[in-house]
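Here the sequence shown stands for residues 11 to 167, numbered as in our numbering.
None of these hints come from the bench; they were simulated from the model. Don't take every hint at face value.
For lysine-lysine, the following BS3-like pairs were computed, each having C-alpha atoms within a straight-line distance of at most 25 Å [to be verified]:
no., residue 1, residue 2
1, K46, K92
2, K46, K93
3, K161, K92
4, K93, K161
Beta-carbon label-pair distances, calculated as ranges [as the list claims (entries may be wrong)]:
no., residue 1, residue 2, range
5, L21, R154, 14 to 22 Å
6, I72, S117, 15 to 23 Å
7, S162, D121, 52 to 60 Å
8, A71, S162, 41 to 49 Å
9, L82, G130, 31 to 39 Å
10, N59, V134, 13 to 21 Å
11, K93, I123, 41 to 49 Å
12, D156, N59, 24 to 32 Å
13, R89, S124, 50 to 58 Å
14, I68, I110, 15 to 23 Å
15, L41, I15, 49 to 57 Å
All C-beta atoms, glycine included, are put in the ideal place defined by N, C-alpha and C.
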Amino acid sequence: MIQRIQTLWLLAASITLLGLFVFPYVSFIDLVGLGKQIFVTGTYSSLNNEMSRENSSILQAIFAGIVAAFPLLTIFLFRNRKKQLLFVGIAIALIVLLGIWMFFSASSVLDTISQRLQAGNIGVAFFLLPIAIIFLSMAIGGIRRDEKLIKSADRLR
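Assemble the whole structure, with the sequences as input and the hints as a guide.
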């Protein structure tokens, strides 16, 4: 299990997705001049270097936790490579859905203050999603290589 390369890729994807709880996915300044940041756990404003939560998005945080746990769960399916491939595909689809949800929630928060989502507003967490998808794609390659190795070993018997 640990000696397989796809385990490392799946673990890297899970750790990357856990970064969604640490880094904001949108940072902006509202009309009053307060700096605000949107995390998957909610919207926070900073005043005098003190973060205070304005509103929370518990459903988005729960979904992000499930998405982050999915690659970790997939590691333990190492005996059934077809199921492992299926779970990695589902994890990629869930990451895409989470990215769409994050985009629309950020757009709705920014629309309330008549701003648009721009390149200067995008935080680190938005870039963690494609990185996790890349790690999961690398895991798919490792799983397929493992499957090919098993088939060639069966032919030798």
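Okay, the hints, checked on the actual structure:
1. A threshold of 25 Å between alpha carbons decides the hint, and for K46 with K92 the separation of about 44 Å lies outside it, so the pair is violated.
2. Restraint check: the Cα-Cα separation between K46 and K93 comes to about 42 Å, which exceeds 25 Å; the hinted pair is violated.
3. Restraint check for K161 and K92: satisfied, since their Cα atoms lie roughly 13 Å apart, inside the 25 Å limit.
4. A threshold of 25 Å between alpha carbons decides the hint, and for K93 with K161 the separation of about 17 Å falls inside it, so the pair holds.
5. Checked against the given bound of 14 to 22 Å, the beta carbons of L21 and R154, roughly 18 Å apart, stay inside it.
6. The given range of 15 to 23 Å is respected by I72 and S117, whose C-beta atoms sit roughly 21 Å from each other.
7. At roughly 56 Å, the beta carbons of S162 and D121 sit within the given window of 52 to 60 Å.
8. In this structure the supplied range 41 to 49 Å holds for A71 paired with S162, their Cβ-Cβ distance being about 45 Å.
9. For L82 paired with G130, a C-beta distance near 33 Å keeps the hint of 31 to 39 Å intact.
10. The hinted range of 13 to 21 Å is satisfied by N59 and V134, whose Cβ atoms lie roughly 19 Å apart.
11. In this structure the hint that K93 and I123 lie 41 to 49 Å apart at CB holds, the actual value being about 46 Å.
12. For the hinted restraint 24 to 32 Å between D156 and N59, the CB-CB distance of approximately 49 Å leaves it violated.
13. Checked against the hint of 50 to 58 Å, the pair R89 and S124 passes, with Cβ atoms roughly 55 Å apart.
14. Under the hint 15 to 23 Å, the C-beta atoms of I68 and I110, about 19 Å apart, fit the expected range.
15. Here the CB-CB span from L41 to I15 is close to 50 Å, well matched to the stated 49 to 57 Å.
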